[in-house]
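Listed below, chain by chain, are the residues.
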Amino acid sequence: MTSNTIQARPPAFLPNWPARLAWLALAAYAFYAASILDVTWDRFVLGLEHGVKFIGRMLPPEVEASKMALMLRGLYETLEIAVISSALGIALSLPIGLFAARNLMPAWITWPMRFLIALCRSFHQVIIAILFVKAVGFGALAGILALTVASIGFIAKLFAEAIEEISLKQVEAIRATGAPFMNVISYGVMPQVLSRFIGFATYQFDSNLRNSTMVGIVGAGGIGGTMFAAFQKFDYDYLLTILLAIIAMIMVSEALQNWIKKLYQ
Amino acid sequence: MAETAQPAADTHALVIRGLRKEYRRGVPVLRDISIAFPSRGITAVIGPSGTGKSTLIRCINRLVEPTAGQILFRGVDLAPLRGKALREARRRIGMVFQEYNLVERLTVMENVLSGRLGYVPPLKAWLRKYPQKDINAAWELLDSVGLTAFANQRADALSGGQRQRVGIARAVMQDPELLLADEPTSSLDPKTSVEIMELLVALAESRRIPVILNIHNVPLAKRFATHVIGMAGGSVVYDGPPDGLTDDHLKTIYGGEDWLE
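As you go down the protein sequences, you meet chains A and B in turn.
Heads up, the working numbering is the position in the first sequence plus 603, with the first residue counted as 1.
Heads up, the working numbering is the position in the second sequence plus 17, with the first residue counted as 1.
These are computed hints drawn from the structure, not numbers from a lab.
Hints are not guaranteed to be accurate.
[To be verified] Simulated crosslink set (DSSO-like; lysine-lysine; CA at most 30 Å straight-line):
hint: 1; chain 1: A; residue 1: 865; chain 2: B; residue 2: 141
hint: 2; chain 1: B; residue 1: 239; chain 2: A; residue 2: 772
hint: 3; chain 1: B; residue 1: 268; chain 2: B; residue 2: 239
hint: 4; chain 1: B; residue 1: 208; chain 2: B; residue 2: 141
hint: 5; chain 1: A; residue 1: 772; chain 2: A; residue 2: 865
hint: 6; chain 1: A; residue 1: 760; chain 2: A; residue 2: 864
hint: 7; chain 1: A; residue 1: 865; chain 2: A; residue 2: 737
hint: 8; chain 1: B; residue 1: 141; chain 2: A; residue 2: 772
hint: 9; chain 1: B; residue 1: 101; chain 2: A; residue 2: 772
hint: 10; chain 1: B; residue 1: 146; chain 2: A; residue 2: 864
hint: 11; chain 1: A; residue 1: 865; chain 2: B; residue 2: 268
hint: 12; chain 1: B; residue 1: 150; chain 2: A; residue 2: 772
hint: 13; chain 1: B; residue 1: 141; chain 2: A; residue 2: 864
hint: 14; chain 1: B; residue 1: 268; chain 2: A; residue 2: 772
hint: 15; chain 1: B; residue 1: 208; chain 2: A; residue 2: 772
hint: 16; chain 1: A; residue 1: 670; chain 2: A; residue 2: 656
Input sequences plus hints: build the corresponding full structure.
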């Protein structure tokens with residue numbers, strides 16, 4: 604009878620049946636989709652064999668002088684596209700992000716700004732690059748414009764969100780000194796968000812560097828064009844050289860980013 | 018509101034007439050308050066939390082918009098001011114905050130100099146090109162609040178008491194004609210609270226700046242104030258010298274009496 608004297612307590616954790624069913628459904632659908640698409644273990648093993656052959660044809664990497672020169676020119680153009688589009692993107696994101704912050708600006712400013720940001724984010728860089736190639740023709744300009752748009756979409760959005768999280772007490776104190784709007788921004792707002800802005804900007808530069816190797820595939824300038832041509836001509840050893848060079852470039856940029864972020868901690 | 022003698026604006030630091038604030042329609046936090054603040058000394062506004070002390074002080078420099086009433090400062094009503102006129106009024110009124118409200122990521126020196134942001138144009142302020150006169154004044158103020166050695170440290174590296182010293186220096190840096198202090202010691206320990214009050218009073222007296230001070234600590238108010246305003250339920254229930262404040266007044270202001278033991 605002890606169980607009756609001690610009152611039975613309800614379980615501490617209730618089962619969440621809807622969530623369990625949803626996970627189960629997801630797993631079931633993944634298996635179903637795999638069977639429809641003929642994703643089988645055999646095909647995967649066969650693919651691995653092809654992959655080994657492919658890697659075998661890549662070695663050793665191509666180091667012939669004229670091809671190296673062509674690659675370096677492409678890499679340099681890629682770097683230029685990344686630097687210019689990042690600089691433009693950062694410069695434009697600063698005011699756009701500021702005007703999109705709902706805790707500082709009235710709704711009639713933030714809504715159009717947020718719409719602009721959403722527009723910049725709605726398509727993948729490659730699709731925007733195709734549009735710009737059609738608009739301004741083949742070459743680096745199309746790549747620069749495409750990645751500038753992408754930069755605004757990313758930096759301005761996160762910058763606006765960072766501003767929306769700042770402490771308004773610090774802003775209030777600067778307003779109380781009778782400071783004009785621009786002084787409130789540069790003393791009350793920017794110090795609170797600068798290091799995060801630098802973080803977003805360097806991340807976007809890194810992203811632009813990688814994406815600028817890709818926009819070349821659709822004719823928007825940079826190393827991507829050369830790489831795509833190597834693919835199509837089955838020039839796999841040259842492809843490996845290009846891939847290694849891109850990896851080296853990304854690693855250098857990574858080190859540079861860390862250094863910049865430390866500078867602005 | 019028949020005041021027998023309308024207080025003349027120039028013999029008072031600030032005159033408030035019929036000030037009303039409603040955050041929600043029909044629910045006034047300040048109920049048509051009229052106060053004349055003396056032109057010298059420390060006026061302490063005491064009262065329980067939530068009785069509108071902060072709202073009152075923030076209505077003065079318009080960090081909060083009053084719903085109705087007049088705020089006469091040197092003969093000018095601050096309540097309807099907008100834009101440049103409002104900024105010019107604000108820069109003549111310094112403010113010290115409960116939680117210091119320093120810009121955490123700026124240095125102590127930058128925080129003190131930010132008291133001049135109403136005077137220094139944006140580009141110069143951004144490039145830190147302050148007039149030498151301001152920089153000298155900032156060093157002097159840092160000397161008097163005892164933080165000269167911390168000038169180039171970031172504000173977030175300081176203790177509470179040190180931060181409030183910077184907050185006071187920033188407010189005095191404005192060279193204000195009136196100093197507002199919103200619960201300047203509420204976030205500090207008792208010993209530091211007294212030190213901060215002593216500093217505030219000393220700086221204000223040496224520069225002849227009248228102070229309006231929100232404080233819920235009655236002993237501190239009695240010790241440092243030259244004039245006391247008691248508030249309860251959004252109205253003024255005491256207006257007089259600190260000596261005249263009796264236990265009966267305190268009962269009216271804070272309610273109950275057990276805590277007076």
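| task | Find the hints from earlier in the document that the structure breaks and name them by number, from lowest to highest. | result | Hints 4, 7, 11 and 14 not satisfied by this model.
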